[in-house]
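Work out the full structure, taking the sequences as your base and the hints as a guide.
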Amino acid sequence: MAKLSLSEVSKQFNVDRSTIYRAVRNGRISRSGDGQFDIAEVIRCFGGPEQTSQPTEERPKNSNDVATQKLISHLENEVKKYQEREERLMQQIDRMQTLIELKSVAPDTAVPHPDATACDNKSKY
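In terms of my numbering, the sequence shown is residues 92 to 216.
Think of the hints as simulated: they come from the structure by calculation, not from any bench. Among these hints, one or two may not hold up.
Stated by the list, open to error - Here are the computed lysine to aspartate or glutamate pairs in the EDC-like style, where the Cα-Cα straight-line distance is at most 20 Å:
#1 Lys94 x Glu132
#2 Lys102 x Asp156
#3 Lys94 x Asp129
#4 Lys94 x Asp125
#5 Lys94 x Asp107
#6 Lys102 x Glu132
#7 Lys94 x Glu141
#8 Lys102 x Asp129
To be verified - Derived Cβ-Cβ restraints for the label pairs, each shown as a range:
#9 Ala93 x Gly118: 20 to 30 Å
#10 Asn105 x Glu169: 36 to 46 Å
#11 Arg116 x Glu169: 49 to 59 Å
#12 Ser164 x Thr189: 37 to 47 Å
#13 Ser123 x Lys161: 50 to 60 Å
#14 Ala131 x Leu162: 39 to 49 Å
For glycine and all other residues, C-beta sits at the position ideal for the given N, C-alpha and C.
This is the structure we're talking about:
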């Protein structure tokens, strides 16, 4: 008879390893001296191996792919918006730094407002 390892039984019969250990401990299934399981005994205990059909696997992958692509597209748009925002903010920072430099270089002279008249500049006392 064919023999299977613990991991092979777990994968082929879609049974958790802890469930297999519990079945061995309770005497529902036995291991040979080399730790292998007889396939007939595994079938008796857990039923036939799980059959996976390809078309049922393809549908979720395709729907997941579509959802994933939509998410990727959305995130790419978000990244683009944040990059544009960063660029605008960097330009604003550059303008502010330029203004600060010009203000620190310019002499501290009072510049009259353009609509100020000569009598506005005289002191009242």
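Which numbered hints fail: Result: hint 2 breaks, nothing else.
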